[in-house]
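*Asks:* Heads up: the sequence lines are chains A and B, in that order.
The first sequence maps to residues 1036 to 1148 in our numbering.
The second sequence maps to residues 53 to 167 in our numbering.
Please note that the accuracy of each hint is not assured.
Unchecked claim - Heads up, incomplete: computed chain A residues facing chain B, CB under 8 Å, no partners named:
hint	residue
1	M1066
2	Q1073
3	S1077
4	L1078
5	L1080
6	L1127
7	R1131
8	G1136
9	Y1137
10	T1138
11	F1139
12	G1142
13	R1144
14	V1147
Simulated from the structure, these hints should not be mistaken for laboratory data.
From a predicted model like this one, the values you see are computed outputs, not experimental measurements.
C-beta atoms are modelled at their ideal positions from N, C-alpha and C, and glycine is treated no differently.
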Amino acid sequence: SAVISQKPSRDICQRGTSLTIQCQVDSQVTMMFWYRQQPGQSLTLIATANQGSEATYESGFVIDKFPISRPNLTFSTLTVSNMSPEDSSIYLCSGRGQGGGYTFGSGTRLTVV
Amino acid sequence: AQKVTQAQTEISVVEKEDVTLDCVYETRDTTYYLFWYKQPPSGELVFLIRRNSFDEQNEISGRYSWNFQKSTSSFNFTITASQVVDSAVYFCALRPMNRDDKIIFGKGTRLHILP
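Using the sequences and the accompanying hints, generate a full structural model.
*Replies:* This is how it looks when you write it as structure tokens:
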């Protein structure tokens, strides 16, 4: 199955700034997804990253706050914009491979101060 | 409605005991995948198993086993002879195959294995 390298693994950011998280997959994946996991909670899907087109956002998430890029089948970025302490979470990317399996990146642990 | 329920929020057992994590799901789709993932304290999500809805055979992998019962919409996970390294949050998840590719996660069960 695919291996996803996600970075940074963690960061501490000032409120009002932005952070871009990158995910690189070692093989082509048909779909990529971005999740947020708030402390002690389950994973919440932010958006589905489509190659060559705009991402599809879930209810409660907007492009201005979480812009996503997917320039090719092996790479995607998520930006957390104008951060506030409420954005402190683990952010995970996921890829769906040709065989239907889902692989996750190692996560980015974000703290906003 | 598509939903995954993990009723056990937190479980603590003593090392070497067996422990079962419950998972109940809801879907109107006749074909779907079920998953279990492990999330250790480091935060990454580790894939454990994927089960197709057509395959109700139980599966054993070392100390791990899974019991899939379509009649009760359950997909329970048992760890035999638990070890401290099994301490983690475990997520059950559902992907209905006739929809988009989204996975629906349960809220997770935090498992503490006490030495």
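*Asks:* A separate judgement is required for each hint: does it hold in the structure or not?
*Replies:* Here is how each hint holds up against the structure:
1. M1066: Where the cut-off is 8 Å and the nearest Cβ of chain B is about 5 Å from A/M1066, the hint holds.
2. Q1073: Check failed: Cβ of A/Q1073 comes no nearer than 12 Å to chain B, outside 8 Å.
3. S1077: This hint holds: A/S1077 lies near chain B, its Cβ roughly 5 Å from the closest one there, short of 8 Å.
4. L1078: 5 Å, holds
5. L1080: Result: holds, 6 Å to nearest chain B Cβ.
6. L1127: OK, holds: A/L1127 within 8 Å of chain B, min 6 Å.
7. R1131: 5 Å, holds
8. G1136: Hint holds; A/G1136 Cβ to chain B Cβ min 6 Å, cut 8 Å.
9. Y1137: 6 Å, holds
10. T1138: For A/T1138, the interface hint holds, since the closest Cβ of chain B sits about 7 Å away, which is under 8 Å.
11. F1139: This interface hint holds because 4 Å falls under the 8 Å limit.
12. G1142: Given a least distance of 4 Å, the restraint on A/G1142 holds.
13. R1144: 6 Å, holds
14. V1147: Since chain B brings no Cβ nearer than about 17 Å to A/V1147, farther than 8 Å, the hint is violated.
When the structure is compared with the earlier hints, violations turn up for hints 2 and 14 and for no others.
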